[in-house]
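Position chain B against the provided structure of chain A, taking the given hints into account.
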Amino acid sequence: MSDTFFTTSPHWGWYIVLYFFVGGIAGGAMFLASCLRLFGRAVDRPVMHLGHYLAVAGAAFSGLLLTVDLSRPERFWRMLTAFKAGSPMSVGAWVVMLFSLVASLAALASLTEEKRVSWRFAAVLGGRTIGSIVAVVGGLLGLFLAGYTGVLLAVTNRPLWADSTWLGVLFLFSGLSTAAAALVFLGRRRGAATESVAWLLRFDRRVILLEAVALVAFLGSLGSLARVFVGGWGLLLLGTIALAIVAPLWLEARRRRNHAFAAPLLVLAGGLLLRVVVIFSSSGIEPIGTGVAGR
Amino acid sequence: MPEAMGFFTDTTVCIGCKACEVACKSWNQIPVVGLESLTMSGLSYDNTRQLDGTHWRHVKFVEQFDAERNGRWLMMSDVCKHCVEAPCLEVCPTDAIVRTEFDTVLIRQDICNGCRLCIAACPFGVIDINPIAGTAQKCTLCYDRLQNGLVPACAQACPTQSIQFGPIEELKVKARRRVGDLHAAGEGRAHLYGADADMLGGLNSFYLLVDEPEVYGLPRNPRSPARNLAKSGLLSAVGAAIAAVLALVGLRDRRIGEVAAEERASPP
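Line order of the protein sequences matches chains A and B. Take 0 as the starting number for the first sequence in numbering that gives the first Met the number 0 and just add one per residue. Take 0 as the starting number for the second sequence in numbering that gives the first Met the number 0 and just add one per residue.
If you're looking for bench data, these hints aren't it; they were derived computationally from the structure. Keep in mind the model is a prediction, meaning the values are calculated, not measured. Backbone N, C-alpha and C define an ideal beta-carbon position, used for all residues, glycine too. There is no bait here: all hints are sound.
Derived DMTMM-like pairs: lysine to aspartate or glutamate, alpha-carbon spacing no greater than 25 Å straight-line:
# : chain 1 : residue 1 : chain 2 : residue 2
1 : B       : 24        : B       : 100
2 : A       : 83        : B       : 84
3 : B       : 171       : B       : 197
4 : A       : 83        : B       : 109
5 : A       : 83        : B       : 94
6 : A       : 83        : B       : 89
7 : A       : 83        : B       : 102
8 : A       : 83        : B       : 100
Computed, partial: chain A to chain B, Cβ under 7 Å:
#  : residue
9  : 38
10 : 74
11 : 77
12 : 85
13 : 146
14 : 164
Isolated chain A, as found in the complex:
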C-alpha cells in the first residue's frame, strides 16, 4: 500500500481545476506570443496581440480563482509576504503576480500597436529592446506558469499526485496545447493569417504527441497504483485521451475543412477534463487505502 493513502485531501475542487486550466492557457499563450514577437513576421501580429490579451485576461482570472479558493480569501496577500524556494505554491504565487505584471505590459504594447490606446508611456513598451525583454521574461514566466501546477501536486503526499514526478511536464504540454488551440479558435475571428495558424497547428500536433508520451510515462510511473484507472476514473481518462490527443490528430490527418473549428474545441475540452481527472481521482480512490483504524 502506498504511504500516500494515509493522508488527507486538501479539498481542492472546481476553482483549482479551472485555475490549472486557465493558467495553462494564459502561460502558453504568452509563450507563443513571445515566440512570434521575437522571431515572427508582420503577418503574425494579430495572433501575437491575441496571445497577449489572452495572457493578461487569464492571469487576472487566475488570481481571482486562487483568491476565492482560499478558506480565508481576505488574507490572500499573505502569500506575498513570504518566499520559499522549496514550496511550489510560494514560488507559484510570486510567478502569477510577476506574470500578470509582464503580461499587462505586453498587452498594453499590443493595444498601442493596434491603436486602441495612445499613451506615450505605452509606446515605449513596443520598442525593440524593451519589447524583446518583455517577450523573453514573459515567455519564460509563461512556461513556468503552464507547468508548475503539476510540480505542485507532486510535492505533496497525496495519492497519485505524489506517486509520480510526471505531472509537471504533462500539465506543461497540455497547457501549451490548449493555448495553441485557443489562439487558433479565437484567431479565426481576429484576422489571424493563414501562416500563423499553420504554425500554431503544427506546433500543437507535436505538443499533443509529447503530451501522449508524458501521459503514458505518468501512468507507467504509478506502477500497481495505475489500477485505480480501472473503472469510472479510467473511462474519464479515456475520454481525456480521445478529446485531447486522438480526435484532434485524427481530424488534422484527414484535413477536414472544418477541422480548424472542431479540433481546437476538442483540445480545450480534453485539457479541462485532464485536470478534472487528475485532481478529483486522487481523493476519489481513497477508500482503497483506508486502513483498519483510519487516519
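Just chain B, lined up with the frame of chain A:
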C-alpha cells in the same frame, strides 16, 4: 532556549477512555461541528473518526478478533507528530507554520489564509481546516500551557500515563527501557515508531506499537514531499526546453519555405 519537548505515547497502556480528546477540546475551546460528531460511526467505539481541524487528539480503536471472538484490542491516542523535518512547515507559502522554542510545530492562526497545501503535505493526515475559523488547525502541543510551565492538557488528563510529556531525549530513554521490558515479558512485537532521526528527522511525538504501523493507520515510511521537487522540476524544465525548440524550429522552417517560394517566383 528550552530543550525539545514532546510526547511519548505508549499504546499498550491506553484504555480508550478518550479523556485526552475531551481535555484537548476543553482547554483549546474547539467547537463541535456538524452532525457527524453526534452520530455513531459504526467503527468500533470510535465516533471521533479522524484527526482534523476540530479534533486535535483522536483515540483509534483497532479490533483484532477471529470468528470465535478470540483476540485483542489495540488503542492508540493519535496526535500531530511535531516532525523535526516537518513537511507542513516546509511547504507553507505564508510562513504561518513555525517551529517554536520547544521544537514543536505551530500553525499561527493570525497568518494562515487557508490555502490547504499543508493538509496535502502532511504524511499522517493530521491537519485539516477548522470550518468555523477557516484556517488550518492541529495540535499546538499546548503552546500556551508550555509557555507557562504547564503540562499539555491531554497528557495531564491521561489516567494511565499512556501519553507522557517531557524532554524528548528523556522520553526516548524511557521508551527504550519500556520496549526492553515488554520484550522480556514476551511481547516481542513491541517497537518504537518515530523515535529515530531517519523518520522525518525524528517525530517529537513518537509511539510504542505492538503491530505493524499500517494496522494503526500510520504510514510505514512517511517522507517529505520535497523528495519529488528536483526530479519533477527537472522533467518540466526539459519539457519546456523541448517545446521552445519545437516552436522556434516551426518558425524557422516556415521562413525557409517562404524564401524558397520567393526564389521560385522571381528567378535571378
